[in-house]
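Those protein sequences? They're chains A and B, same order as listed. All residue numbers for the first sequence refer to numbering that gives the first Met the number 0, where the first residue is 0 and numbers rise by one. All residue numbers for the second sequence refer to numbering that gives the first Met the number 0, where the first residue is 0 and numbers rise by one.
Hint data in this document are derived by calculation from the structure and do not stem from the laboratory. Hints may contain errors.
Computed from the model, here is a short list of chain B residues facing chain A with C-beta under 10 Å [as the list claims (entries may be wrong)]: (1) Lys64; (2) Ser83; (3) Thr159; (4) Asp162; (5) Met164; (6) Tyr177; (7) Ser208; (8) Glu217; (9) Asp233; (10) Ile237; (11) Asp239; (12) Ile325; (13) Glu326; (14) Trp328; (15) Gln333.
Here a beta-carbon is modelled for each residue, glycine too, at the ideal position from N, C-alpha and C.
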Amino acid sequence: MKKINYGKIYTAPLTMWITFFFVIPTSIIFLYSFLKKKLRGGVLWEFSIDGYTALINQSFFKVVWFTVVISIFATFLTLLLAIPTSYFIARSKRKNLYLFLVIVPFWTNFLIRIFAWISILGNNGFLNNMLLSLGIIKSPLMLLYNQYAIIVVTVYTYLPYAILPLYSTIEKFDFSLLEAARDLGASKLQSLFKIFLPGIRSGIMTATIFTFIPALGSYAIPLLVGGQKSFMIGNLIARELKVTMNWPLASSMSVVLTVVTTIGIFIFLNTNKNKSELKNEN
Amino acid sequence: MKKNVLLFMVLSAFILSGCKDGKSKLYIFNWSYYIPDTVLEGFEEEFNTKVVYDVFESNEEMFAKLRAGGTGYDITFPSGDYASIMINEGMVAKVNRDLVPNLKNIDENIIRKIKYDPIMDYSIPYMMGTAGVAVNTKFIKDFPKDFSIFEREDFKGRMTLLDDMREVIGSALASLGYSVNSVNESELRQAKEVVLKWKKNILKFDSASFGKGFASGEFWVVNGYAENVFLELDEDTIKDVLYFIPKNGGTMYLDSMVILKDSKNVELAHQFINYIHRPEVYAQIADYLMLPSINVEARKIVKEIPTYTIEDLANNEFKEDLGSNIELWDKIWQEIRVQN
């Protein structure tokens, strides 16, 4: 009897979906980035690298630098919060309840949640009013419209995306290894850094990717809670597309963003693979 | 059997909703907060139709959406510069003036100022105004009534400017005594230095939520359209607000209604434009926006005192299409936005 490979059939809808909504649009962006711009939007069908030469200027690098720094900070803080939370959930008796609570915010629209943060951090907001009524501060603090507000809201937004993969890794982690480490004389910190964290590395990696990459592409968060200096790549691309209507430039920025993240993930995954292979040989 | 009943119910629901959809629909693409709901409801009722209302935040956004293939809209509301671009690009349909008798109500002095479409072949004026400055007098007592307010370091971090280069650079040009439509590089460079001085003291460039921030007391001085500020305020806070238009001039706009070329409901679109310029309808809009009426008959019946009058705009200049010189503006604006 001939063996049919059902795998291909099962994944056909997904393949088609990705082709239509990912591969084709990305190819269009790639193509447009090498064309000439048309005044007030659109492209002329002539080859040109203007889109790329226009990138070589100080202001673009400044924006890229700002974006990367913000994203790194946000990712680091997200992991710092997500690891203990996931540990707690994985060890808890009410896992389902806690997981459910992690997912609850998804029921509300993303933009509405940003506006909720504005009303928490604002001058007349919850936090300022509480501090004022407790007498800790005398006049409202300016908590919004700066890069810290961007980081806070980014961390909040991507926290669930970090908790879920971490949880699923930690749940599978064999906690008796920690006991064994302690029995063999490791301190609490040693067992944490040498046994626990390496053991959940794959979860940490997924969580990092899930946080860092969307943070790089932020648009609405810096727009709404950022200040006059908070201009991220996403905002720059939107501006080139919507305001100055330089489609090739917007496309070349998107291509650069895509290439940089792809290379980043590639390196990230590869170093990890090498390490785990080493471990297996041992 | 039960299954069949359910199927029947579902099907009939589809058919019924199909009937409802059989009503003609008018698709309007407009600025946010620009027509009161009561006016739209009145139109829906009188003409037995349904209005679908989508919004945009800037001319550029509207234009980019239509350009990128956003079709299906019947009417949109570009400002003068974009109305002329859209006419030149052949994006709008000619207006049949016989179907819009209420055009006779529009102030002739204003029509005379329209250079790009002097006899209203394509665009029918809707509303005229400017982006001035709103000040919260609860926090600020003493201040200059022009854009030099943005140079005041004591209000640092409490002020916003529009995220719109035509407005901000235009205001800077006007404060230097140049035309808001200048394409002279040295004039624009001088304007850039002025804007950089303002930028040091502002919290952010914002066109989307300055009204909300102003209402909640976060921002004390905002550069923006009066209606976006006042519609966020309640009776109690409105008395603390002073809205001014700099005496040394600035930009002003005339937003017009245009019927898009691919409109499927041209007749209904004409009826809508005619309805808007009915004096009693127009008065409702002017009252809601608290803007000066360009409809002469409506001026007699408006109830609210507008935030400013047409006379206040005497020194202001219409924004015109800059053609390919817009690239110079783009460059300067980008430098302003990214420079620290």
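To see whether the hints hold, each was checked on the structure:
1. Lys64: Status holds, d = 9 Å.
2. Ser83: violated (12 Å)
3. Thr159: Hint holds; Thr159/B Cβ to chain A Cβ min 9 Å, cut 10 Å.
4. Asp162: The hint holds - Asp162/B has a Cβ within 10 Å of chain A, the shortest such distance being about 9 Å.
5. Met164: Met164/B check passes; min Cβ-Cβ to chain A is 8 Å, inside 10 Å.
6. Tyr177: violated (22 Å)
7. Ser208: The hint holds - Ser208/B has a Cβ within 10 Å of chain A, the shortest such distance being about 7 Å.
8. Glu217: holds (5 Å)
9. Asp233: Constraint on Asp233/B not satisfied, violated at 13 Å.
10. Ile237: Violated, because the Cβ-Cβ distance from Ile237/B to chain A comes to roughly 17 Å (cut-off 10 Å).
11. Asp239: violated (14 Å)
12. Ile325: Holds, because the Cβ-Cβ distance from Ile325/B to chain A comes to roughly 8 Å (cut-off 10 Å).
13. Glu326: Check passed: Cβ of Glu326/B comes within 8 Å of chain A, closer than 10 Å.
14. Trp328: holds (9 Å)
15. Gln333: Since chain A brings a Cβ to about 6 Å from Gln333/B, closer than 10 Å, the hint holds.
Checked against the numbered hints above, the structure breaks hints 2, 6, 9, 10 and 11 and satisfies the rest.
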